[in-house]
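> Start from the sequences and build out the full structure, keeping to the hints where you can.
Those sequence lines, one after another, are chains G and R.
For the first sequence, this note's numbering gives the first residue as 1, with consecutive numbering after it.
For the second sequence, this note's numbering gives the first residue as 313, with consecutive numbering after it.
Any given hint could be a false lead.
Claimed, not checked - Derived EDC-like pairs (lysine to aspartate or glutamate); straight-line CA-CA distance at most 16 Å: (1) K337(R) - E29(G); (2) K231(G) - E219(G); (3) K373(R) - D334(R); (4) K337(R) - E347(R); (5) K378(R) - E219(G).
It should be emphasised that the hints constitute simulated quantities derived from the structure, not laboratory data.
The primary structure of each chain is shown beneath.
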Amino acid sequence: MNVRGWLVQLYPRSWRERYGEEFNALLEECLHTPLDMVDILFGALDAHLELSHEMNWRSMNMNNKLRTSILMVFAAYIAFIVAGMSIYGFADDSPFIPMMKTNLLLSISWRTIQAGAVMALAAIVIGGAPLAWTVIRRVFTSQRKDLQLLLVPGYAFLALVLYFGTMVYLSFTTAILNPPATSTAHGLMWGLISVFILGALASTVAVWKVVSNTDVEQEAFPILGKDIKIKVYEFAFTPAIVATISMIGMFIASIIWFWQAFSARPDLLATHQGPMMTDTRVALTLTLILMAGAVVTSCSGLIRGRSSQKTA
Amino acid sequence: MNLADFGRFSDPALLILSSLADGSKHGYAMMSDIETITGVRLGPGTLYGALARLEASGLIKALPSKDRRRPYQLTAKGIGALREQLALLQKLASTGLKRLASA
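Written out as structure tokens, the structure reads:
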């Protein structure tokens, strides 16, 4: 297969069935620069994210926009969980824990992060439950192949457990992970973090794709013997706002916490105080960038969802 | 129909509608035409992202394929949407020019 063929293959199957031949013919004439390839990569990504399962491709209705809005908040939340684990890694078994007893701002910011985490989790569970229930129910009522993507979070978790198990095995059988940490130990720790992040990323993409391809607007739920109809995306919108506000609060609290913690102990900046003994500065920067990206994504999702409700 | 609903594809969508205003064209002919009249070269991914949206919205329709190339043409709805967008741009341009002249 030539480059053009590979590029066309990047698009979803139903898209290729409709546009593949003419798109390939177009590429024969106009595929000139690397920028064209980048443009096609973005086009394919966009097609995967927005594709509805039916051939009524990209009907730009309110439901689709609201669905994308909710999925953006969900993806942002997953990114925030990764960042949250990193913050926990900074605090766990660190000199900052006893400092929180004497430093009021450090303590308040930490409590705010904890409260925000609980609030965001509750919002995601409440808002996402009807949608998750609907999608999972479709697993048992349809034979769609892409529903197997729902197994990706399970595989990701399994990979994490296997990697962690290997590290535990190595710690018992070798001295690789004994202090002082060597470059091999740091490599293994970064490997664990990478498996966790890649797993979270793959799981989010898989869930996004399955939900995008599931044409759901309203679903009946048997509650107290009655069938209650719920518009799952509209129902999820208010919890999505709560989750976003929680993430904004946690982001601000995290900045304050880092500022207070490392103002008191600037010497730790040059050490490996990050999660899993990672370099403090690198881990701190990546954590804040991830949090900021998640907040921006979540806010963008809400704006998109709000605009869809206005135009409905 | 508001092209703003097309997000990042709203500008390419307007260029495509304008290109099809004088008759049906296939993808490469549209790209060349748009480059000639505006100097903007649409990438293939952007072109087909916008084309798919326009077709799904009923603003353009596909004609039978010729030698693997499929021409597209404006629908009545597409003509209406194009008129509306161009009128808006015309109003914007004339307002902007008037303000510049009086500045």
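> Holds or violated: K231(G) with E219(G), Cα cutoff 16 Å?
Holds, because 6 Å separates the two Cα atoms, which is no more than 16 Å.
> Hint check: K373(R) vs D334(R), CA-CA at most 16 Å. Holds or violated?
15 Å, holds
> Within 16 Å, alpha carbon to alpha carbon, are K337(R) and E29(G)?
The given pair, whose Cα atoms are some 15 Å apart, holds under the 16 Å limit.
> What's the verdict on K337(R) and E347(R), does the C-alpha distance respect the 16 Å limit or exceed it?
14 Å, holds
> Hey, K378(R) versus E219(G), does the alpha-carbon distance stay inside 16 Å?
44 Å, violated
Hint compliance for this structure: hint 5 alone is broken.
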